[in-house]
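Peer 1: The residues making up each chain are set out below.
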Amino acid sequence: MASAPATPAPAAVAVPTASPATLLRLVVIVAAVGALEIACRVGWVPMTIVLPPSVMAESLWQLLLSGSHTRDIVVSFSNVAAAASLAVVLGFLIGAILHTLPPVRGAVEPLLASYYAVPTFMFYPVFIILFGVGSGAIIAIAVLLAIVAMITATLNGIDRIPLVLGKTARMMRMGPIERALKISLPAALPYLFTGVKLSVAYAFIGVIASEFILSGAGIGHAIAYAYNNFDNRTMYGLMLLIVLAVTVINAVLDTIDRRLQARLRR
Amino acid sequence: MSPALASVAAPVPAEHHARLTGVTRVFGARKGTGVHALGPVDLDLNRGEFFSVVGPSGCGKSTLLDVLAGLSSPTAGTAEFEGKPINGVPAGVGVVFQEDASFPWLSVEDNVAFGLRRSGVDAAEVARRVDYAIGFMGLKDFSKAYPAQLSGGMRQRVCIARTLVMQPRLILLDEPFGALDQQTRLLMGDELLRLWRETGATVLLITHALDEAAMLSDRVGVMSARPGLFIDVLETGWPRDRDSRIVSHPRFGELTAHLWDKLRAESLKHLRGS
Ligand SMILES: Nc1ncnc2c1ncn2[C@@H]1O[C@H](COP(=O)(O)OP(=O)(O)O)[C@@H](O)[C@H]1O
Ligand SMILES: [Mg+2]
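So the sequence lines, in the order shown, correspond to chains A and B. Here my numbering = 1-based position in the first sequence + 204. Here my numbering = 1-based position in the second sequence + 1.
Hints may contain errors.
[Said to hold, decoys possible] Here are some chain B residues the structure puts well away from chain A; computed CB gaps all over 10 angstroms:
#: 1; residue: 28
#: 2; residue: 72
#: 3; residue: 90
#: 4; residue: 94
#: 5; residue: 96
#: 6; residue: 99
#: 7; residue: 100
#: 8; residue: 101
#: 9; residue: 212
#: 10; residue: 225
#: 11; residue: 232
#: 12; residue: 258
#: 13; residue: 259
#: 14; residue: 265
#: 15; residue: 269
[Claimed, not checked] With a cut-off of at most 27 angstroms between alpha-carbon atoms, the simulated DSSO-like pairs for lysine-lysine come out as follows:
#: 16; chain 1: A; residue 1: 371; chain 2: A; residue 2: 386
#: 17; chain 1: B; residue 1: 145; chain 2: A; residue 2: 386
#: 18; chain 1: A; residue 1: 401; chain 2: A; residue 2: 386
#: 19; chain 1: B; residue 1: 263; chain 2: A; residue 2: 371
#: 20; chain 1: B; residue 1: 270; chain 2: A; residue 2: 371
#: 21; chain 1: B; residue 1: 85; chain 2: A; residue 2: 386
No lab work stands behind these hints, which were simulated from the structure alone. Think of the CB as a built atom: it goes at the ideal place given N, C-alpha and C, for glycine as much as any other residue.
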């Protein structure tokens with residue numbers, strides 16, 4: 205249009221370059237790992253307590269190659285996946301239903317807010333009675349730990365849908381289902397995803413920790429077993445595996461999260 | 002006299018396009034302590050006219066728009082569009098809201114195409130209309146951009162384009178240029194006039210800018226402080242092919258002064274919170 209006001213070019217799409225903060229973080233991590241390596245090698249830290257990181261990595265590599273713990277790894281990761289999925293789906297549904305019932309929500313919300321003050325793990329005998337020893341009890345505890353984060357995120361997400369988008373949906377004469385799918389869900393998605401991220405983190409904590417006490421399989425169980433048998437190499441190899449897995453998964457979720465949040469910068 | 006004023010105002014066919022009769026809106030009436038936001042208001046919008054509403058903030062302008070859009074029903078009185086009572090959102094009415102209503106999860110292009118795609122228009126026609134509307138609103142270079150990458154004024158243009166492609170016969174705009182600087186507002190006013198002429202639609206523009214109302218409209222309705230009533234309806238007498246250059250015309254100053262004269266007392270009431 206000829207008389208268009210001068211308009212700035214759209215903000216350049218962020219090129220993923222390493223910021224000074226990222227570089228510094230990398231330096232700190234490398235330095236810490238290097239320091240531990242040296243401390244172990246020189247003998248400041250006895251090998252019976254902590255292994256040098258290079259030995260941990262080598263142990264992990266061998267245990268992956270030999271397949272000695274493949275079953276534990278598969279069991280743990282499927283339990284985490286099951287618990288996170290259940291928590292996300294159920295938490296979303298409960299949150300969405302609560303949102304339509306303001307009196308119930310008003311009654312329940314203070315309980316949700318103080319929920320994480322309760323040490324959920326103390327209920328483990330109850331879960332053993334209900335589900336027996338095994339994946340059932342573990343997934344139940346992990347879901348219990350994760351679901352409230354998803355419920356809270358869902359309530360927050362629906363709250364934050366701008367009223368004007370609801371008006372717009374009405375102007376377009378949308379039915380309730382089309383409106384929920386095409387307007388409410390995408391509008392709330394960045395907030396819902398915060399719940400997904402937390403659910404995955406809590407599912408990891410819930411599963412690995414429960415495996416110490418509730419299971420005859422899984423990485424948590426294998427770490428406890430190695431500890432009881434003074435098998436430091438296996439123990440630290442598996443710990444490294446979990447740290448690496450959680451770091452990678454979290455990095456992926458963070459990237460998605462940042463993309464979603466970028467839309468909201470208004 | 003500017004050349005734009007050489008021709009006589011195009012005769013507006015006095016056909017009622019939308020009509021409010023004794024419309025009143027009270028919020029929370031059932032709880033006893035209601036907020037009387039609007040009315041009773043009578044308003045006849047002629048087909049194809051450009052009508053502006055000015056009034057102090059909180060006087061019920063957005064409430065009036067909601068009634069015309071079918072988003073809220075009047076507490077008392079009747080609202081009609083094209084001869085039929087307004088009951089729910091009528092087909093043929095488009096709204097540009099005061100708040101930014103662009104969809105942040107869709108590109109500009111997809112925002113503009115959103116309504117058309119779900120109305121069953123075939124893809125080629127969607128593409129044609131979307132292209133036209135995007136070009137018209139000066140968004141060509143930004144069709145792949147997301148709202149978060151745009152300024153507030155540009156997002157409002159996305160919303161105008163999204164309404165425009167549906168080819169509404171009545172366009173309701175609620176302070177669409179509120180966030181813009183004065184120069185941009187004048188230019189957007191020109192675009193709005195062009196849109197109005199090309200589409201032949203009836204336009205109701207709510208604005209707090211008296212000069213904008215004086216420059217753009219065939220008629221300007223002046224509202225009192227809450228509960229809003231029309232205390233004056235002013236005919237501007239501008240020709241149909243007017244544009245922002247009429248600001249240099251002596252009548253522009255007279256119209257603006259007249260509007261301010263009517264509004265000053267009402268704005269004071271609002272300021273003093275009575
Ligand atoms: N949903 C609502 N509930 C209660 N009061 C409302 C509601 N919407 C608007 N009002 C009140 O009605 C009056 C008119 O509001 P509005 O139409 O938005 O004014 P304007 O658009 O002229 O600034 C204001 O006093 C406002 O506070
Ligand atoms: Mg308003």
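Peer 1: None of the hints should be skipped; say for each whether it holds.
Peer 2: Now the hints, each set against the structure:
no.	hint	in the structure
1	28	15 angstroms, holds
2	72	6 angstroms, violated
3	90	5 angstroms, violated
4	94	8 angstroms, violated
5	96	5 angstroms, violated
6	99	8 angstroms, violated
7	100	4 angstroms, violated
8	101	7 angstroms, violated
9	212	17 angstroms, holds
10	225	26 angstroms, holds
11	232	28 angstroms, holds
12	258	27 angstroms, holds
13	259	28 angstroms, holds
14	265	31 angstroms, holds
15	269	30 angstroms, holds
16	371(A) x 386(A)	14 angstroms, holds
17	145(B) x 386(A)	19 angstroms, holds
18	401(A) x 386(A)	23 angstroms, holds
19	263(B) x 371(A)	32 angstroms, violated
20	270(B) x 371(A)	31 angstroms, violated
21	85(B) x 386(A)	30 angstroms, violated
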